[in-house]
Amino acid sequence: MGLLKLFLSLLFVAVPLTSSAIQQVVTEKAKTIDELAKMYDVSSCKECHREIYEQWERSIHARSLIGTGRTMGTFKRSLSTLKNVFVHSGVKDIKDIKKEHLMPCFKCHLPQIKDADDKVARQLAKAFEEGDKATLSKVSINCLVCHSQKAIIHQWQDGVPQPGVIYGRKNGSHPDKRLNTLKESPILTKAVSCGQCHGTGPNLEFPQPTQCATAYGSYLHSYIPAGGAETCQDCHMKKTGKGHLMPAYRDAYMQKEAVDIKIGALGYKFLPERDNAVPTAVLTLRITNNAGHRIPDG
Amino acid sequence: MDVIAKTKDGKEIFRDSKIFMTQATNSRDDSMIYGPSFKVGYTRDTSLQPLKTREMTYEIQFPYEDTIKEGKKIREIKLKQMDVAVELRYQLDPEQGELNKDSFVFYRTIKTVVIQ
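Protein chains in written order, with the numbering used here: chain E, 1 to 298; chain R, 299 to 414.
This is chain E alone, in the form it adopts within the complex (with noise of 0.2 Å):
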C-alpha cells in the first residue's frame, strides 16, 4: 500500500509536468492597439539593419493604415458602408464591429489583426472614423509580416510560421533576444510572395467580396504569357536600389521605366475628295507598357 502511495503520488506530480512539456505555446490575443504594436515591434531591427529599416519606415507599407491619404478615407468610408448599406453585416455602431468586418481590407493592410481581439478592431474603427493618424500609425505593415507570418506558403510542406523565428534567405543564428533564428524562406525572393496582397481579383472567400489591389493577377495572366520574366522584386526593390522602400509610381525613376511612348507627328494636305485638300496634322502614338503588371493597378 505504502508503495502503491509512493507511485500514485510520483505519477500525479509526473504528469502535469510532461502535460506542460509538450503543451503548446498558448498566445494571448492583444487587447489594445499598443499591445499589438509591442507584439510586434520591430524597432530591434534597425540595430543591425539600419538602410533597410530605414527604407520600410519611408515606404508606403510602414503607413499602410493611412496609405497616401486615401487609404485611411476609403477605410472610414467602408466602415459607413458597413453601417448603412451592409444591413446584414450585423453592424450599427462601432460597438457591433469585429475583426470579421474589417478582415476583408486587414487582410492585406494589417495582417498580423489576426493576434489581436476584437476589441483592437474597434479601437481601430473609431481611430478610422476620427482621423486619428497618430493612432493609425502605430501598427503597419512591418518586418514581421513579410518575414514571419507571410514567409511560409507551403504549409503543408515547410509548417507554419515558428516564433522566435524570423526568416530570410538562408538558416542560422539571429543575434536579437525575441528571433534568435533565422531560416530560410523558399518564397521571399519570388513574386508570390508579394502577390498574397497585391492581389489577383475579388477577394470571394468572405461574406461581402471585396477587391482592391490585382497587379498579381495582371502578373500571371498578362505579363508571364507575354514573355516576362522578371519579379516584383526585381523592378521595385532591386533596379531601383531602393530595396525596402519598393517605389511604384510616385517615385521619378519608376514613372520613367515604367511606358516608353514614341510619337510621330505630320502635317499635310489629305485630300479625301477632289478640289478639297484639308490642312491636316496627324500624331501617330505609340506607348508601350515596360512594367510587369497593368498600369494603372497596385
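Rather than coming from a laboratory, the hints here were simulated on the basis of the structure.
Using N, Cα and C, we set each Cβ at its ideal position, and we do this for glycine too.
Errors might be hidden in some of the hints.
[Unchecked claim] Just a sample of chain R residues kept apart from chain E, beta carbon distances all over 12 Å, derived:
1. ASP328
2. SER329
3. ASP391
[Unchecked claim] Derived lysine to aspartate or glutamate pairs resembling EDC-like cross-links, with alpha carbons at most 16 Å apart:
4. R:LYS370 <-> E:ASP251
5. E:LYS138 <-> E:GLU35
6. E:LYS262 <-> R:GLU385
7. E:LYS177 <-> E:GLU257
8. E:LYS269 <-> R:GLU385
9. R:LYS371 <-> E:ASP275
10. R:LYS371 <-> E:GLU273
11. R:LYS399 <-> E:GLU257
12. R:LYS409 <-> R:GLU357
13. E:LYS269 <-> R:GLU374
14. E:LYS242 <-> E:GLU47
15. E:LYS269 <-> R:GLU363
16. R:LYS350 <-> E:GLU257
17. E:LYS269 <-> R:GLU357
18. E:LYS256 <-> R:GLU385
19. R:LYS306 <-> R:GLU353
20. R:LYS367 <-> E:ASP275
21. E:LYS262 <-> R:GLU353
22. R:LYS304 <-> R:GLU357
23. E:LYS238 <-> E:ASP251
24. R:LYS350 <-> E:ASP260
Following the hints, put chain R in place on chain E, whose structure we already have.
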C-alpha cells in the same frame, strides 16, 4: 492621357482625353463602380497591358476658311503651325487634383506640326 493642340498664341483648337484603367462593377448590375468594398471583378479593362504597345492616331485639322471668288472655291488656311501637347498622368482619382500628390506625370511632350 490628354492630347491638346494650340495655336502659337495659345488658342486651343483640339482636345482629346483617353482613360486607361480597369473598370469594375459589383457583379450584380452593369454600372461601373469605385471602392474596394463594392468592386467585384472587371467588366472592361482599358489599362496599359504589360509588355504590350498601344497605338493611337489623332487627325487634327488646321483651321481654314472657304470663300467663293469669281465662282471658284478658295480655301484659306488660317494657321500653318500648331503645338500639340501630349501628357500621360497617373491619377489616383477621376479628378486630376494636385500634381505630385493626387496625380503624377509619367510623360509630357510638345510636338510642333507645320504645313506649307
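Q.
Would the hint linking LYS269 of chain E and GLU385 of chain R be met if the CA-CA limit is 16 Å?
A. violated, 26 Å
(Q) Need the status of pair LYS371 of chain R, ASP275 of chain E: alpha-carbon distance at most 16 Å? (A) Since the Cα atoms of LYS371 of chain R and ASP275 of chain E sit roughly 8 Å apart, the hinted pair holds (cutoff 16 Å).
Q: Test the statement that ASP328 of chain R is away from the interface with chain E: the closest C-beta pair must be farther apart than 12 Å.
A: About 17 Å separates ASP328 of chain R from the closest Cβ of chain E, which puts it past 12 Å; holds.
Q) Has the given pair, LYS409 of chain R with GLU357 of chain R, been kept, meaning a C-alpha gap of at most 16 Å? A) holds, 14 Å
Q.
Run the distance test for LYS370 of chain R versus ASP251 of chain E: straight-line Cα separation, threshold 16 Å.
A. violated, 59 Å
Q: Please work out if LYS399 of chain R and GLU257 of chain E have their alpha carbons no farther apart than 16 Å.
A: The given pair, whose Cα atoms are some 20 Å apart, is violated under the 16 Å limit.
(Q) Check whether the Cα positions of LYS269 of chain E and GLU363 of chain R lie no farther apart than 16 Å. (A) holds, 14 Å
Q.
Given the hinted pair LYS367 of chain R and ASP275 of chain E, is their Cα-Cα distance within 16 Å?
A. Roughly 15 Å separates the two Cα atoms, so the pair holds.
Q: Would you mind confirming whether the straight-line C-alpha gap from LYS262 of chain E to GLU385 of chain R stays at or under 16 Å?
A: holds, 12 Å
(Q) Quick check for students: does the CB of ASP391 of chain R sit more than 12 Å from each CB in chain E? (A) Contrary to the label, ASP391 of chain R does not stay out of reach of chain E, its closest Cβ about 8 Å off (not over 12 Å).
(Q) Holds or violated: LYS256 of chain E and GLU385 of chain R, Cα atoms, limit 16 Å. (A) holds, 13 Å
Q | Hinted pair LYS262 of chain E and GLU353 of chain R, Cα distance within 16 Å | A | holds, 10 Å
Checked against the numbered hints given earlier, the structure breaks hints 3, 4, 7, 8, 11, 14, 19 and satisfies all the rest.
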